[in-house]
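Q: Listed here are the chains, written in short residue letters.
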Amino acid sequence: MSFTIPIELEAELNELVTHYPQKRSASLMFLHAIQEHFGYISKEAMEWTAAKLELSPINIYELVTFYPMFRQEPAGKYQIKVCRTLSCALAGSGKLHKHFCEKFGLDSHAHGVQTSKDGEFSVEFVECLASCGTGPVMMCNEDFYEAVSNSKADEILQTCK
Amino acid sequence: MPQQYRLILKNIDAPGYTNDLDCYVRHGGYEALKKAFEMGPRVSPDGGTVSGPEKIRKTVLESGLRGRGGAGFSAGLKWSFVDRKSGKPIYLICNADESEPGTFKDRQIIYKDPHQLIEGMIISCYANDVHLAYIYIRGEFPEGARILKRALAEAKAKNLLGKKILGSDYDLEIYIHRGAGAYICGEETGLIESLEGKRAYPRIKPPYFPAILGLYMCPTIVNNVETLCHVRHIVNMGGADYAKLGTPNNTGTRIVSLSGQVKKPGYYEIEVGKVTIGELINHENFGGGLLDGRKLKAIIPGGSSAKVFKAGEKFKLKKKGADGQMTTVEVDMLDLPYDFDSLQAAGSMSGSSAIIVMDDSVDIVEALANLSEFYAHESCGQCTPCREGSLWMSKALHRMTHGEGRKQDADYLLNIAQNIQGRTICAFGEACSWPVLSFVKKFKDEFEAKGAADESRNKVAATSKVTIAASPQR
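Those protein sequence lines, which keep their order, are chains A and B.
Under this note's numbering, the first sequence has 133 at position 133, and the numbering climbs by one with no breaks.
Under this note's numbering, the second sequence has 306 at position 306, and the numbering climbs by one with no breaks.
Just so you know, these hints were derived from the structure itself, not from any lab.
Heads up, some of the hints might be wrong.
[Claimed, not checked] Partner residues are not named here, just some residues of chain A that face chain B (Cβ under 10 Å, in silico): (1) T4; (2) L28; (3) L55; (4) S56; (5) L63; (6) M69; (7) C88; (8) F144; (9) L157.
[Unchecked claim] Label-pair restraints from in silico Cβ distances: (10) D107/A <-> V460/B: 48 to 54 Å; (11) Q344/B <-> P21/A: 35 to 41 Å; (12) I58/A <-> K34/B: 48 to 54 Å; (13) Q3/B <-> E44/A: 34 to 40 Å; (14) K85/B <-> A11/A: 39 to 45 Å; (15) Q158/A <-> F81/B: 52 to 58 Å; (16) D323/B <-> P21/A: 40 to 46 Å; (17) V17/A <-> D22/B: 50 to 56 Å; (18) C160/A <-> L291/B: 50 to 56 Å; (19) K158/B <-> T18/A: 17 to 23 Å; (20) R294/B <-> N141/A: 35 to 41 Å; (21) T18/A <-> K319/B: 20 to 26 Å; (22) P21/A <-> E455/B: 38 to 44 Å.
Small disclaimer: the values here were computed from a predicted structure and weren't measured.
Just so it is clear, CB atoms sit at the ideal spot from N, CA and C, and this is done for glycine as well.
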């Protein structure tokens with residue numbers, strides 16, 4: 001198995017295990033840390049995680065395929081998530097999503113995550129981000145933005161360098 | 001004049017208020033915890049001894065506090081179900097998976113006043129003899145998780161967490177656990193499975209009541225963020241005084257998330273039952289009314305899973321008169337007091353206390369299609385009626401919003417929804433079928449008209465041999 005992780009990350013993961021009476025509980029937090037570091041969760045990473053937590057690889061694979069935030073393939077350097085659910089839809093999230101798609105030559109009707117040809121930007125609709133009073137809302141990587149008009153969207157993109 | 005009553009939100013958004021420990025302490029923070037620790041044992045009227053933690057539990061029961069997450073169940077009763085004789089550790093989990101569409105109240109607490117939550121948790125843990133607790137926070141709150149992590153570290157540095165807290169003999173650790181984008185983790189047994197490192201498949205009750213067989217098959221308490229914050233205020237005020245806030249059986253305050261087509265969407269804390277739905281939408285202290293020139297069409301009163309109310313809808317409610325006699329009164333939807341019992345009596349629920357307002361510019365079929373897509377995406381897939389049914393409903397509604405509806409789709413949708421509710425392990429079955437049942441029943445003419453229009457147009461198109469472009473399928 002060719003998978004190696006930096007010492008600091010492994011130390012962070014070892015610390016996480018101590019938070020739980022049972023090792024298996026740490027698996028979601030492991031996957032978050034791994035995805036944050038590598039950008040996605042590879043087959044090797046899943047096998048490594050399973051071994052580390054004394055589980056079978058299927059115990060990890062079933063999580064990666066269940067929880068929507070986990071990715072098995074790399075996405076763009078900047079990942080744009082537009083809230084799709086009702087309050088944001090009433091506030092114009094469809095228009096916002098379309099605006100991003102048109103900017104990066106993506107299909108606004110397609111389901112799931114799409115990445116621009118240069119690999120810089122990913123765009124996807126996600127379900128309720130719990131800020132329904134300030135729709136439409138979106139995230140760009142871990143940053144959260146409210147009341148995003150098309151012009152505000154362009155300003156956000158300016159900060160992505 | 002209807003107005004806010006800010007108990008939980010007292011400091012949130014106040015000028016200069018920050019989310020660090022020092023600021024919280026300057027505003028009276030962690031005083032309730034000290035008070036809780038000082039509630040020593042006392043002799044009860046029957047001659048027995050009541051311990052400090054037991055006293056806090058009785059205070060919370062006396063306060064009438066009902067869960068602020070969705071079900072509105074008595075928090076004191078929930079605590080009383082905990083199996084304290086099993087010899088196993090008792091766990092407490094804060095449900096910070098705020099995911100019900102329309103709801104954004106816990107976000108305010110987590111981001112702007114995390115220590116209020118932590119203080120409420122420490123008191124609740126102490127009251128229930130819990131020594132290990134978790135905050136299960138949704139994955140989409142990465143900044144919230146960082147804020148809480150920092151706040152926990154600050155609390156630990158001041159010996160508010162860890163070993164022998166504030167010189168007592170009480171130990172407690174609280175850790176953050178992040179979800180990863182699955183709505184079903186808000187369901188408490190699904191949340192527990194997820195915390196155990198598994199898919200969030202809800203457990204069947206009985207036998208898996210968290211109070212008896214919860215996390216690691218140990219007694220477990222799962223409480224919402226706002227509920228835990230209230231515990232701090234209940235200890236501060238005393239249960240009886242807290243119960244004077246709000247209305248009988250609907251005590252205390254509650255944060256209402258108001259969104260959709262109103263002038264001033266936002267979060268408003270009210271005494272439960274002291275403000276009506278109409279006031280929340282129209283009064284200048286709250287939503288400030290609909291957008292200019294618009295008329296009200298419908299509202300969803302308690303998060304997306306709650307049954308919709310149609311504008312002008314009237315309900316017959318039983319009310320206790322001044323002479324103590326019960327009489328039946330007819331109440332317009334807008335005049336319903338915003339509380340647990342009135343909304344339930346009107347056939348819906350206050351749920352997570354999130355109101356979504358829709359005006360006459362909204363296509364009601366499209367609104368339901370949006371919600372059904374959410375539920376189809378979020379069904380965990382464990383129970384067949386929900387896994388299949390939520391997708392069927394979403395597909396039918398997708399057709400209807402892409403020019404391929406049929407007149408009988410309305411009945412088709414009702415039929416599917418009726419075959420989901422009550423046939424699943426968890427309440428998601430109801431959550432996905434109630435919007436469909438209520439939208440279609442209350443706006444049946446619109447659903448049938450849309451289906452019929454599509455049908456006749458497509459018939460003409462077919463006979464004139466024009467190809468209809470297939471709508472994109474999910």
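Q: List in ascending order the numbers of the hints, as given earlier, that are violated by the structure.
A: 1, 4, 9, 10, 13, 16, 17, 18, 21 and 22
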